[in-house]
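Using the sequences provided together with the hints, build the complete structure.
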Amino acid sequence: MAGATAHKVSFLDRFKMALFLHKKNSTDSLLSILKQPTNSLLTIMVLAIALALPGIFYIMTNNAKALSSNWESTMAISLYLEESAGQQQAQELVGQLLAQDKFQSVSLTSKEQALEEFKKYSGIGDSLEMLTENPLPMVINVVPDEAKVALSELQPLVESLEKNPIVDSSSLDAEWINRYQEILKISEKIGSFISLLLAIGVLLIVGNTIRLAILNRREEIQVIKLVGATDAFIRRPFLYTGLWYGLMAGVIAALMISILSNLVASSTGRLAELYQSQYQLLGLSLSQTFTLVGIGALLGLFGSWISVRKHLKEIQPT
Amino acid sequence: MIEFHQVFKRYEGGHEALKGVSFALKNGEMAFLTGHSGAGKSTLLKLIALMERPTRGQVILDGQNISQAKDRQIPFHRRKIGMIFQDHRLLYDRSVYDNVALPLVIAGVADRDIPKRVRAALDKVGLLTKEKQLPIQLSGGEQQRVGIARAVVNKPPLLLADEPTGNLDPELSAEIMSLFEQFNQVGVSVLIASHDLGLIARLKHPVITLKDGQTIRNDLIEEVHS
Ligand SMILES: Nc1ncnc2c1ncn2[C@@H]1O[C@H](COP(=O)(O)OP(=O)(O)OP(=O)(O)O)[C@@H](O)[C@H]1O
Ligand SMILES: [Mg+2]
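Line by line, the protein sequences are chains A and B. With this note's numbering, the residue at position 293 of the first sequence is 293, and numbering never jumps. With this note's numbering, the residue at position 92 of the second sequence is 1092, and numbering never jumps.
Worth flagging that the hints you see were computed from the coordinates, not collected in a lab. For every residue, glycine included, the Cβ atom is placed at its ideal position computed from N, Cα and C. You may find that some hints are simply not true.
[Unchecked claim] Under the rule of at most 25 Å between Cα atoms (straight-line distance), these lysine-lysine pairs were calculated in the BS3-like manner:
1) Lys-1155(B) with Lys-1130(B)
2) Lys-1124(B) with Lys-1155(B)
3) Lys-1070(B) with Lys-1155(B)
4) Lys-1124(B) with Lys-1080(B)
5) Lys-310(A) with Lys-1070(B)
6) Lys-1132(B) with Lys-35(A)
7) Lys-1070(B) with Lys-313(A)
8) Lys-1046(B) with Lys-313(A)
9) Lys-1124(B) with Lys-1204(B)
10) Lys-1204(B) with Lys-313(A)
[Said to hold, decoys possible] Derived DEER-like restraints, expressed as beta-carbon distance ranges:
11) Gly-1166(B) with Thr-291(A): 57 to 63 Å
12) Leu-1134(B) with Leu-197(A): 44 to 50 Å
13) Ala-232(A) with Ile-1221(B): 36 to 42 Å
14) Glu-1016(B) with Gln-316(A): 17 to 23 Å
15) Asp-231(A) with Arg-1112(B): 26 to 32 Å
16) Leu-1134(B) with Leu-298(A): 46 to 52 Å
17) Gly-1140(B) with Leu-298(A): 26 to 32 Å
18) Ser-1178(B) with Asn-208(A): 48 to 54 Å
19) Gly-1166(B) with Thr-38(A): 51 to 57 Å
20) Asn-208(A) with Ala-1120(B): 41 to 47 Å
21) Gly-1126(B) with Phe-290(A): 55 to 61 Å
[As the list claims (entries may be wrong)] Among chain A residues calculated to face chain B with C-beta under 7 Å, some are:
22) Gly-95
23) Ala-99
24) Gln-181
25) Glu-220
26) Val-223
27) Val-227
28) Pro-317
This is the structure:
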């Protein structure tokens, strides 16, 4: 009861200054939210979670992208040479490739070495003794330099290497990374869709909160209309309330995200050390944080605007 | 001040509450509106305050046909009218002072001018000492006087009262009526809907009597001839 009274007190306080000072108005809305801590906090937390989820998703995809570019260094291209190619030609190609300065390493595996390795790892070495001829081709193993070849350039690079007349075929051990990128794209789409749904959710929650606030004060609004209040005058405190809800939810969402990314960063940091990787978890930048809070505030304002538009009209003095 | 020209009001649902009412209340005049329950008294007052719109006919306030007013003009129209209700319509969680200050705040009166004017209005109705109390802590007659103070604080040229003495004993009723007469003496036009025929007879002001939405007595002129 005491809470409800306090709430209404500041409601009228807001009316007092409304025509002169927006500032006064906005602090009063803030006060009234703070005076009803449980109700308001609950709403704000729900809003904050709804805002934080897209943010977390955004960070996840961002990091996943960063990870995939980190892992490029493990890419290797195997060039299988033509049967007819000689040792001499193969050595020349190796030399050419090294000269291009795009690669970390270029190494030639001769037919004999290939056979040796095959015998060693295949487990059917004995039966190979029956072969009169070595069926394995020469192979050039090429490891692109991560710093000089972007992931997207990998496939064209392989294709250009295959054009060399002594190259028969090639294999890029990158199928998985293509798939990974496809999955990233799909999850980005799903992420935007979910973000859209959550934004609509925020609008609905704010709208409903404001609707209840308006209905709670039905009689006051009637009286105030009777003594000559304009719609703008009555609308303003509700708009501020929505704005504050969104703003506070945005700040809390940003806090949630930064706590989460710090927690994760400390464990990935150790993991990265273990693997001697340069990988570092990306959180939200300052401008991204402001964007999140701004989106929260705008959604809050818009949600209350929709609600106020709809429900203030319905309340007329009788 | 107010002119009704052949005003009809049919409510949704088909009930015809007013059927061709015409009268003119001149500037500074005070009149009573009477009639049986359901005769259309409240309806008539609501048309003046634009809480309802006439189905037919013209309601003219200060020479302006208010039936044609746009919705966004209604608040400014209402600021010219002080309204008093039988059920007071106060904000019960606000002090007497805040209730009376409300029309000034809404009209955008400068902060520093508000206390002076609120106290002048409260003084007029004899409630200066109760400004910090809540309406609930006052008697019915005192609450009605808070309503009157709120209606006059903005110095509107017209007062409308719907059964202002409905729940009050005869002595208090006479007190409230004499308050209205005091405002009338300084030039405010007053229209009071009331059942209290005895009191109305004693006060010697013009009377309009409604029966089933039609005028059966009209002490006022019917038309302003120009
Ligand atoms: N909003 C409404 N919708 C439909 N009918 C209404 C509405 N308001 C009033 N009426 C009808 O219009 C008629 C006149 O009502 P009104 O309130 O004007 O009477 P009144 O003279 O003020 O009566 P009372 O003395 O009981 O207050 C009544 O029959 C009432 O039922
Ligand atoms: Mg009535």
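Status of each hint after checking the structure:
no.	hint	result
1	Lys-1155(B) with Lys-1130(B)	holds, 21 Å
2	Lys-1124(B) with Lys-1155(B)	holds, 12 Å
3	Lys-1070(B) with Lys-1155(B)	holds, 24 Å
4	Lys-1124(B) with Lys-1080(B)	holds, 19 Å
5	Lys-310(A) with Lys-1070(B)	holds, 19 Å
6	Lys-1132(B) with Lys-35(A)	holds, 22 Å
7	Lys-1070(B) with Lys-313(A)	holds, 14 Å
8	Lys-1046(B) with Lys-313(A)	holds, 18 Å
9	Lys-1124(B) with Lys-1204(B)	holds, 23 Å
10	Lys-1204(B) with Lys-313(A)	violated, 42 Å
11	Gly-1166(B) with Thr-291(A): 57 to 63 Å	holds, 60 Å
12	Leu-1134(B) with Leu-197(A): 44 to 50 Å	holds, 46 Å
13	Ala-232(A) with Ile-1221(B): 36 to 42 Å	holds, 40 Å
14	Glu-1016(B) with Gln-316(A): 17 to 23 Å	holds, 21 Å
15	Asp-231(A) with Arg-1112(B): 26 to 32 Å	holds, 27 Å
16	Leu-1134(B) with Leu-298(A): 46 to 52 Å	violated, 39 Å
17	Gly-1140(B) with Leu-298(A): 26 to 32 Å	violated, 49 Å
18	Ser-1178(B) with Asn-208(A): 48 to 54 Å	holds, 50 Å
19	Gly-1166(B) with Thr-38(A): 51 to 57 Å	violated, 41 Å
20	Asn-208(A) with Ala-1120(B): 41 to 47 Å	holds, 44 Å
21	Gly-1126(B) with Phe-290(A): 55 to 61 Å	holds, 58 Å
22	Gly-95	violated, 85 Å
23	Ala-99	violated, 80 Å
24	Gln-181	violated, 56 Å
25	Glu-220	holds, 6 Å
26	Val-223	holds, 5 Å
27	Val-227	holds, 5 Å
28	Pro-317	holds, 6 Å
Hint violations for this structure: numbers 10, 16, 17, 19, 22, 23 and 24, all remaining hints satisfied.
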